[in-house]
Amino acid sequence: MTKSELYNFFNQKISKTAIVNEGDEFQLIGKFCKVSVDEGVIDLWLCNPRDLAKGLGARRLNSIVAGIKGTVERPFTVLNGEAYTKTRDKDLILTNGRLLGLRLKRQLSAEALVVAKERLSRARMQNRKSA
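In this text, residue positions in the sequence shown follow the working numbering: the first is 23, and each later residue adds one.
Rather than coming from a laboratory, the hints here were simulated on the basis of the structure.
It is possible that part of the hints are untrue.
Computed Cβ-Cβ distance ranges for the label pairs, DEER-style [stated by the list, open to error]:
no. : residue 1 : residue 2 : range
1   : Asp65     : Glu133    : 34 to 40 Å
2   : Glu140    : Gly79     : 30 to 36 Å
3   : Asp46     : Leu130    : 24 to 30 Å
4   : Arg146    : Asn84     : 49 to 55 Å
5   : Ser131    : Lys38     : 20 to 26 Å
6   : Glu95     : Ser143    : 43 to 49 Å
7   : Asn84     : Thr117    : 16 to 22 Å
8   : Arg96     : Met23     : 18 to 24 Å
9   : Glu61     : Ser143    : 17 to 23 Å
10  : Glu95     : Lys127    : 32 to 38 Å
11  : Arg146    : Leu121    : 38 to 44 Å
12  : Asn33     : Arg72     : 40 to 46 Å
13  : Val136    : Asp65     : 25 to 31 Å
Capping the alpha-carbon separation at 20 Å, the derived lysine to any residue pairs in SDA-like fashion look like this [claimed, not checked]:
no. : residue 1 : residue 2
14  : Lys25     : Val100
15  : Lys53     : Val100
16  : Lys53     : Gly103
17  : Lys38     : Val59
18  : Lys38     : Gln129
19  : Lys108    : Thr39
20  : Lys25     : Gly62
Just so it is clear, CB atoms sit at the ideal spot from N, CA and C, and this is done for glycine as well.
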């Protein structure tokens, strides 16, 4: 999958900076996970992406697995410092993005949108006056 295909697969709700080229494929890299997609099947690997040999602590790994457990159709295969599962549910990744340490696309609040619209309308009015 290319970077743009992976971005579109997750409905453009993840940050493009979270997509990294790992070897021969693009993956989502979070603070506590790696996510790869192959023909619609999502591989979710809970690990320490910065230091794979170190792994995650048992407490952190167990809390992440417990937080996600109810929404996964297959149980996690828990190893020493890492865990692994496969799913087809991309909403699992999007809803648990913060728990996984993924960078999601920034969303403006309703107040911020109102302020931005007002600024744009004022700027357009000033451009019309000066032209």
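Quick rundown of the hints versus the structure:
1. Remark: the range hint 34 to 40 Å for Asp65 to Glu133 is upheld by a beta-carbon distance near 39 Å.
2. Between Glu140 and Gly79 the beta carbons are some 47 Å apart, a value that contradicts the proposed interval 30 to 36 Å.
3. Range check, Asp46 to Leu130: about 36 Å between beta-carbon atoms, so the 24 to 30 Å window is missed.
4. Between Arg146 and Asn84 the beta carbon distance is about 54 Å. The supplied range of 49 to 55 Å therefore holds.
5. The beta-carbon spacing between Ser131 and Lys38, approximately 21 Å, falls within the hinted interval of 20 to 26 Å.
6. One distance hint, 43 to 49 Å for the beta-carbon pair Glu95 and Ser143, holds here, with the actual separation near 48 Å.
7. For Asn84 and Thr117, the hinted distance range of 16 to 22 Å is satisfied, since their beta carbons lie about 20 Å from each other.
8. For the pair Arg96 and Met23, the supplied restraint of 18 to 24 Å holds, since their beta-carbon distance comes to about 21 Å.
9. Between Glu61 and Ser143 the beta carbon distance is about 46 Å. The supplied range of 17 to 23 Å is therefore violated.
10. The hinted window of 32 to 38 Å between Glu95 and Lys127 is violated, with their beta carbons roughly 26 Å apart.
11. One distance hint, 38 to 44 Å for the beta-carbon pair Arg146 and Leu121, holds here, with the actual separation near 41 Å.
12. Range check, Asn33 to Arg72: Cβ separation about 27 Å, and the 40 to 46 Å hint is violated.
13. Evaluation of the 25 to 31 Å hint for Val136 and Asp65 yields a failure: the beta carbon distance comes to about 41 Å.
14. With a C-alpha separation of about 29 Å, the suggested pairing of Lys25 with Val100 is violated against the 20 Å cut-off.
15. Between Lys53 and Val100 the CA atoms are separated by roughly 18 Å; this keeps the pair inside 20 Å, and the hint holds.
16. This hinted pair checks out: Lys53 and Gly103 have alpha carbons roughly 14 Å apart, not beyond 20 Å.
17. Only pairs whose Cα atoms come within 20 Å are accepted, and Lys38 paired with Val59 is accepted, the gap being roughly 15 Å.
18. Pair hint Lys38 plus Gln129 holds up; C-alpha atoms about 14 Å apart against a cutoff of 20 Å.
19. For a cut-off of 20 Å, the pair hint linking Lys108 to Thr39 is broken: about 23 Å separates their Cα positions.
20. Under the criterion of a C-alpha separation no larger than 20 Å, the hint pairing Lys25 with Gly62 is consistent with the structure, at around 15 Å.
The structure fails to meet hints 2, 3, 9, 10, 12, 13, 14 and 19 from the earlier list, while all remaining hints are met.
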